[in-house]
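Chemist: Below are the chains, spelled out letter by letter.
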Amino acid sequence: MSATLIQLVLAGLAMGAVYALVALGYTLIWNAVGIVNFAQGDVVMLGAYFAVGWCVDTWHLPIGIDLLVMLAFMAVFGWAFATFVYRPVRNASQLSAIVATLGLGMVLENTVVLIWGPQSLGFAGPLGNATVAVFGARIYAQYPLILVVLLLLMCAQEGMFRFTSIGRAMRATAQDAEAARLMGIKTQNITTLIFIYASVLAGIAGWLLAPVFYVSADMGVRVSLEAFAACILGGFGSIPGALIGGLLLGVIESLGGFYISSEYIDVIAFGVLFVTLVVRPEGIFGEPQMERP
Amino acid sequence: MTSRHLDAPGRGARVSRRAAIGTGLAAVSATLLPATVRAQPSGEPIPIGCAAALTAQFAQNGAWMKNGVSLAAKQINDKGGVKGRPIQLFFEDDQGPNPTAASNAAIKLLTQSKVVAMIGPHFTPAILPVEPLLAQHSVPALTGATGPVVTQQHNDWVFRVRLNDTTGAVLLVKYVLQNLGWKKIGIDYVNTAFGQSGIDAVKAALTAQGITPIATQTHLDSTKDFTAQLLTFQQAGVDGIIVWTDDQPSGLLVKQLKTLGMKYGIAGSTTFSQPPFLSLAGDAADGTYSVTDFVQSNTDPTIAAWKPVYHAAYGEDPELYATTYYDAMNLIAFAASQASSITGPGIRDALTKIKDRPGIMTSYSWSPEGNMVHSGLIAVAKGTVPTVVAVIKE
Amino acid sequence: MDSERLGWKLAAIAGLAVVMALGLPRLIDPYYVHVVDVTLINVVIAIGLNLVLGFGGQISFAQSAFFGIGAYTFGALQAHGWPAIAAASVAVVLTACIGALLGWPALRLRGHYLALATIAFSLIMGELMVDLDMITGGANGMMNIQGLGLARDDIAMLPILLAVAAVGIGASVVFASSPAGLRVRAFRDNAIAAQAAGVNIRALKIGLFVASAVYASVAGVCYCCLLGYISPDVFAWQTTFAYFAMVVVGGLGSNLGAPLGAMLYTLVPEWLRFLQEAYFVIFGTVVIIVIAVMPGGMAGLVTGLFDRLCRALRPRPVAKATPEGTP
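Residue numbers (this note's numbering), protein chains in the order written: chain A, 379 to 671; chain B, 17 to 410; chain C, 92 to 418.
Quick caveat, the hints were computed from the structure, so don't treat them as lab data.
Check before you lean on any hint, since a few could be wrong.
To be verified - Reference listing, derived: stretches of chain A covered by chain B, where coverage requires no fewer than 3 residues with Cβ under 8 Å from a Cβ of chain B: (1) 495-507; (2) 515-521; (3) 581-594; (4) 635-643.
Note that beta-carbon positions come from the ideal geometry of N, C-alpha and C, so glycine has one too.
Okay, chain A solo, but in the shape it has when bound (with noise of 0.2 Å):
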């Protein structure tokens, strides 16, 4: 196999484990509140900003205890979210549930502008700038970092889902809320550890960003949306398919960038979406077209 094709399917791949990553966010909070969070990018960005910005840069925290101290910032985050911007709409229609997000990512996006100023920040992360070579294409180290964390945490989820009573909990009322609230399950509390879970794994898909691709206000706009593509590439509120989709959407750009062209990338990228919905809207794990319950 050539160097080149290589090259080109490992930082597919890369790029595709972080819409992977979102992705899984949005599915989790689509399948237990019924809301599309279009600022789960934003919420990526505010993790890396919150530790290169502080943790990092003004506090110099070690590596990994940086990691650590953002996420369980990203928790309380995620607590808040639930309390002041899910818990005032939920009741809303799907339309105004969308604006609301869009303007919490509005609002993201502007104080850490506010906060940390208009630069970019650079991080160096756990690995630097290494390099590995795989089957004699160097890549950076950072990369298979991103896929080996992603499916350690599909792996862990997984886990949680099945063998802990929260996990379990939290796998009922993602799948019918009402039928698990019958059933004595605090959905209210359950719908709020939701969001803080989908705040950390944001948090996570910042921290390992951060090194390849700054930190920048406008880091989360493109993932967003990229990572909405890969949810409905997979089949909507399907969790493999948001791995599945996200892998897949990045392989597509990426290759699709050098042999066609690097010009139109995101009409590529984005007609075969556009394809994709008209032809088959239910993806690729065929989930039937779920609209809020």
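Please build the complex by placing chains B and C on the supplied structure of chain A, with the hints as guidance.
Modeler: Just chains B and C, lined up with the frame of chain A:
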């Protein structure tokens, strides 16, 4: 109690150490103390407008622009203003390359603040819709927009205070062909007004030398992964690539270029010698060439004297935007001092008479399309420090 | 809604437009006339979006793309020497056709699927505006668009834009109280019931897309005539959020709401200019608060107050023969 300084305004560059400290103090104290302590000009204020990107994606550049303009104005006022009249600055947010917001900001400055001269908007899509407004209200504007189209509108009221991309491209192309010996060249650009017109200028310059680029690639400001572009260039077997882009993509591009182990050279637009690129690319910046107007580490005595003055006021070293617009404010003040009347048309006429007027960045001479800068620098990054290797005149 | 009330409403809209046309240039300075002009263009876009969003209940992010297609078609034709009226007509018709083409696959999609499809459409259109530089002038945009020869003449453009906005609002008001309009709103609230009642969903859905495209393209032509310059930045897909905010904050589905939202969105940043860097944060927060606390938006607030005022002035309960509808 008031002591009038007899220096002409606009000579802010060559200052003695004591005056530099004094200026720095004045810059800070002018915001804190009432205006009784320093010599304050007492005439009717001269309203000068500045449209800058105070919010949105390019807010950092807008902040630097504001710094440069404000510092110059404070220095001028501390020396007695222009003909005894203080400069009064009005800032409006144009949100960067946003035609609607830029028009709004300009109209506000022109009709409400009734400015007699304007600085900015900086971005090409922002200054283009404003140019007819300038003619309508007879007010000149100085801009750092580099798109050649800005001075091709047959508009007598726009003045460009940076090296325009046509000239910059010609200088860079000459350098890479003659000094670096590149023969097979690839080009890459950011798909915005700036990138598109810049790369068109590069293509024209290459054609004039009988060369066609063997690969052309493009990207967006938001592009994070450049693998496709970099591999395409490698496959084409280029000696080097010429890149016209903004701060964020420049850093990522060069980092990934080194990571992927690419061996071809890279030369590009101004961003490749400026602090955002250098801090983002880190060691990967080594060996990158750039055509630019201003380099922080320039050992030229004028620049060496300017750095502590700016640093005293803002706590960091000056970069391109701050310096450009500092010079712009001083040019306006100089023109106002030479003008028959301090009005839009008066200042405009005085600006057209400027020849070899020294500023921090370079010396300014007006030429009929509105360009005031005709020479540039080629710099190469040694490690993370850009070093000037050539000063080229048009 | 009876036709007499409808007549009063239309008269009120026309009257307000005339009063503003005559009075504003005398009362406020030229900069604010310019702001009003820009607001009127936003009003037209918002009304169009309200048709598909508020009446039809379809989440369409395509408004910025339609705005751009209308503007660029007009500009490109004018660059080839076409007179303004002809160029405008072609621009509107072309955009309407594209709206129909988009409306057709949109039939199969609902909710966030439709949202993403329309985002994809807007994003692709935005790219094409930048890439097809032979037609569009590329990222530099189009300069010196002739239009009506009134570019940058804010005061002369004011009555024209007022007329366009008044007609746009009027048409939407007429439609809302027409049988077709009532059918559409039935469909919005309950798709299954509408289907059971035999309402022709397909035609209505496509019709709404076409209508929103028409409004947006008219706004695009107006923008060209007002500023004389367009560039892809004006039509970037991210700008759609602004139009959404206008409609939702103004009051979804309300004819009063869309103009109100457009006015708030355009004017409030002017009042908040002193906040400079922070006003987007404030704006985003306000959007969230309005959605959470006032589901009827600003219009709901206004009509609620108006109703309470009427009741306070007429304490005796009045038997109502016909049910109240939203304006």
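Chemist: For every hint, state whether the structure bears it out.
Modeler: To see whether the hints hold, each was checked on the structure:
no. : hint    : in the structure
1   : 495-507 : holds (count 6)
2   : 515-521 : holds (count 3)
3   : 581-594 : holds (count 4)
4   : 635-643 : holds (count 5)
Checked against the numbered hints given earlier, the structure satisfies every one of them.
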